[in-house]
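Residue numbers (the UniProt record's numbering), protein chains in the order written: chain W, 1 to 290; chain G, 1 to 348; chain X, 1 to 272; chain F, 1 to 381.
Take the hints with a grain of salt, since some may be wrong.
Simulated crosslink set (BS3-like; lysine-lysine; CA at most 27 Å straight-line) [unchecked claim]:
id: 1; chain 1: F; residue 1: K72; chain 2: G; residue 2: K311
id: 2; chain 1: X; residue 1: K93; chain 2: G; residue 2: K206
id: 3; chain 1: F; residue 1: K168; chain 2: F; residue 2: K190
Note that these hints are calculated values from the structure, not bench results.
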Amino acid sequence: MNYLIELLVSGLAVGAVYGLIAMSFAIIFKATGLLNFAQGEMGMITAYVAFSIASATDGNPWLTAAGAIVFSVLFALAVERIVIRPMVDEPILARIMTTIGLAVIFRSGTMLVWDALPHDMGLAAGSALVDLGGVRVRGAQIGVVVALAVAVAAMLAFFRYSRFGIAMRAVASDDATARLMGVKTARVQQAAWGAAAVMSGIAGALFAIAWELSPSLYALGLKSFPATILGGLDSVVGSAFGGVVIGITENLVGGYLSPGLKEVAGFVIIIAILMVRPYGLFGEKRIERL
Amino acid sequence: MRSGFYKQTIAEHLALTDSWTQRAWIAVALAALATAPFVLDTYLLTLVTLMMITAVGGIGLNILTGWTGLISLGQTGFMVLGAYGYAIPVETWGWDPLAGFLLAGLVPAAASVLVGIPSLRLTGLYLAITTLASAFIVVHLVLEFPGLTNGASGIFVNRPTVLGWTVFTDQDLFRLVAIFLVLTILGALNLRRSRIGRAWFAIRDKDDAARVMGVDLRTYKLYAFVASSFVVGLSGALYGIFLSFVTVDGFPFLLSIEALAMLIVGGMGSIAGAVLGAVFLVGLPEVVSMVFSAFGDSARALLSTGAHEVKGVLYGLVIIGFLRLQPEGLMGLWRDAQRVWTLWPLRY
Amino acid sequence: MSAPLLKLTGVTKRFGGLTAVNEVSTHVDAGEIVSIIGPNGAGKTTLFNMISGVLPPTEGRIELEGRDLARVAPHDYVRHGIGRTFQNLALFKHGTVVDNILVGRHWRMKTSLVEAVFHFGRPRREEIAARERAEEIIEFLEIETIRDKVVGTLSYGQQKRVELGRALATDPKLLLLDEIVAGMNQEETEDIARFILDIRDELGVSILMIEHDMHLVMDISDRVHALNFGATITEGRPAEVQAHPGVIEAYLGAKAAAARAEPAPLLKARAG
Amino acid sequence: MKSWKGAALLAAALAAPAMAADQGVTDTEILLGEVEPLTGPPGLLGIAHNLGVRLALAEANAAGGVGGRTLKLVAEDDGYVTSRTIQSLRKLIGVDKVFALTAVSGSGQAVASIPVLKQSGIPTMIPIGPLPPLYEPPMDNVFVVGQSYTEGMHQLALFLAEKHPGAKWGVITQDDDYGAALREGIEQAKGEAQIEVAFETRYARGQKDFSSEMLRVKDAGVEVLIAGGIISENIAMVKEAEKLGITPAIATFWPGRVPEVLKAIGPASDGIYAVDYVAPIQSDAGQAFLELARKHLTEDEVARVNRYTMTGYTSTRLLIAAMQTCAEDLTWACTNQALADGPAVDTGVMAPAAFAGGRFTNSPVTIMQADYETLSYAPVD
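Bound-form chain W, shown alone (with noise of 0.2 Å):
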């Protein structure tokens, strides 16, 4: 019994990592009808901007956890103006194909501007363990199942109450139409991918302490992709879900049947759930503008 609950809470763990980077695939894809294939790269790239900070500040989580949050917005809204709002009347592809390129800039980058090595990231809090009633784990991984919860409730919030949210909504329909209403388009798409680059930052950084930081980081965005398509690809909820699903789901498989499928089991549910439901489980059927 304690070992089904110890996989399930390990698998709730590494879930919401997929489950906030699939959130920022989702949030970006509702609001700029765009999937942004660097969303991994860039949730690395503030995993190790925390990494410098932590360094310099001895470890302070406090300082650590602003800085990195405050250069993730930043260094989206740089991206987003400098080389995807230029491409806004470009093809789909030919935007989804930008931000393939970004992400080999970012891979290069960060093994130019850091290095190819593993590190430890130097924060006691987050990687100090923590005893749940038996089962152990680690400051992190409470933070990262805390972190999803709070952007889910955020964009529920969000979504219902907020004029913006609204507005995101309408932006995702109709841009044009949107754009005549008096939306300010562009400011929603840069609210997307700075909410983005938080949720995304948030799990690199948190996923680097209690596992760890190295360049092949950025592969979580791959794992957290299935996530997003699970969930249904403008379902920001949705994807929460669907990371959480995918994360119990390997853990299970991993534990009970061959561990040799657990790399492979969210590939197959996503096919299986394909089948039955073509949009993703919360997906609306309009998306097909490819």
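With the hints as your guide, set chains G, X and F onto chain W.
Same frame as chain W, but now just chains G, X and F:
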């Protein structure tokens, strides 16, 4: 506009070329392929061989993505299947390489039906993700059946003897690959001008209207999957022969992304674009290396402090630069150049 | 004459709670030109979509020459003789005019995937035959000059004509024309009117068309069917229908209603 | 046509290896080449290795070179991508026309290069990834320095079986040829000692989350854990064990035996076992080696020295010694022969290495244990 060529018969409309200029260019290209093995050094020969193998794969993907509008991230998976589809019968069972090449096309084609049938309800990014998933699952299966595939250890691939011709030197390999490339281009052009090719275009541009015209969307999307993966599988087999070794490690997932990048850089939906894209993307790292080594020792001094990462950054910048400044790809650039050429010195 | 060419019996289409087409019954006889009129949102295009196989009807029966089309696969409607054009251009815009028209010949051709790769023997003969037919249509519609142009670069009127050509290339018995002259000037409209009559008289194709241009409707229709809110108002000879009080009210009332209930852009966008 | 000319050229191309046996040698210079990953995470080994080769060359050049000729190196980066390894090899052999190869990337890449190496006949050193196909059957011109993973694992397993008799073992290996070699080593040891494997699994390269694997390790009551990853995977496994509060004896392997791994794991890395055939940096031999490195390399470079620097250095020393034997008649045939028959070279950081007529140094391994305080390993008594 070129002028002065009026077609007298329907057959002339059907011809692949419609002017002597074009024929002359084709002759030049063929002559270049024929003489290259005598002129190029091994390194350049190898590089061009790799470009041609990549171009075959690019043409394959172009059938699916460029012509039919179905985005695939499963290129790697079909290449792996093609490579093993060739290596297992030829190297393990001792079959004739020709049969191997046939299987290198048929195995991925059959697999693409398996991927395709359930994926046909999906469009756009959702389809992209199932093809991506299939690529990962293929790799997993290869590792899971070591009895057949030799698992992670891979299979050595000898250079083949085709119809009594033993492909031995790098020059021979170049010729073999060149023959495959030319045949692939011909086959693809023929498909393009057939009812099948038109049905694919119709699906891409307006699937509802295509259906009203009698195009069964499911069947023709499946056809696109089959034709595409057949060609991609061939490129996988050639790549295996080129590496002389087939393992899943030889086919990193990045290939799927690079294949798409190739079509974009070359110009979506055009065979010449796929070829140009392959030449460009395979050549790019080499050109960058050359630029770096031109700086000689100073570059070597930088070596251990990570100057090589600069290459990666440049690679990404070039892709973005193309998308931003020349969205129609190299083919668009070429057309612009042609226009300037024919219209010069006046703009109109 | 036995069964009419096309017969609709109680055809109904519902989208969720919304009834787009409500129990419409009508018919088209061989050699007839029948027009469907009605204000925006009356369900005309939905009706066309059902007749051409794009959408299945929720209820009712659609018969072509006495054959129930319910069991026919959408892409096989063309085999039974139904060709159509679309309200908003639905051409394959990256192809040339010839390419587009040739797609109309698709179902008539038999070349298989493997044969197509080789372009030799039967595929070649078949392709030549198809192109000969395409040339006839090009000549018929007087679009020789633009034959090799990429469709996306043509004017709206030219594109409409190409679309008509594509529909003709399917060798239809019944041609569905969805607002074929919308957006055309007087001269272009007259050309199209002439083509429609020629298509009926020379090619023997029956025509069912949706049209807002009342002059065209009155001039060439044998019969007119008026719809509003998805239901039939009346059907009859052009002059009768034009004079029908229900039709007049539908048009005037609809205009007033449209002014009042123009949906908010947000909602409209989401529906689209 | 000029088919006769074509035929002549073709014949020349075919005969090239035999005729150009002294390519890369001028009156003043000898050009050597190598392919290794210099970018990405595998750069950790590639760059360190490259430093070792350059160290050996700098040392030899300072002592007057080979027969008065200066040694130069062309390094090609393959980024650990097999197709680029092959391409780079063809460039080095066919275009740069190097005299010998000091390395051919990692194990998979080297194995895939066998046909090219065989066909060309160029003297080739393999100091990274010594897999059996590279020396069994031996090729005339391919020289493998080090020890096979299988034998290393075999020795490590025998040691652990003796140290922890009756313990339950857990084995986690990569699903590639490296993992297969480790599993083979354990199989061999099973024949000689009492080993009970309670849990065995494989993972796909690149896996990051090992929580379910380690839970099964815990569940199976594993007391000896073979962590058969390379770098990231071993870090993940050990940190996961720490999290679960289990303390099996953990054994790792030389590809990941670099200080960075210990640093990234943190205190939990203290006491993990490793096996290797080169000396730890903290040993006397290691310190002497660092001293030598400081003489010829920059400070930044010295900071990147690790075990791969030592293997690269040793293997290049073997090559230089052979070339010196052949200084008068610097041909491939002579060099290959001299390598095979030459006396052992003792670099201090490895047991004296020689090929003794074969193509494999078969170097003895040492079992060592990590010390987190000093981020280093010390031999086990």
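Status of the hints after comparison with the structure:
1. Distance hint between F:K72 and G:K311 is fulfilled; the C-alpha atoms sit about 24 Å from each other, no more than 27 Å.
2. Distance check on the hinted pair: X:K93 and G:K206 sit about 9 Å apart at the alpha-carbon level, within 27 Å; holds.
3. A distance of roughly 13 Å separates the Cα atoms of F:K168 and F:K190; the hinted pair therefore holds under the 27 Å criterion.
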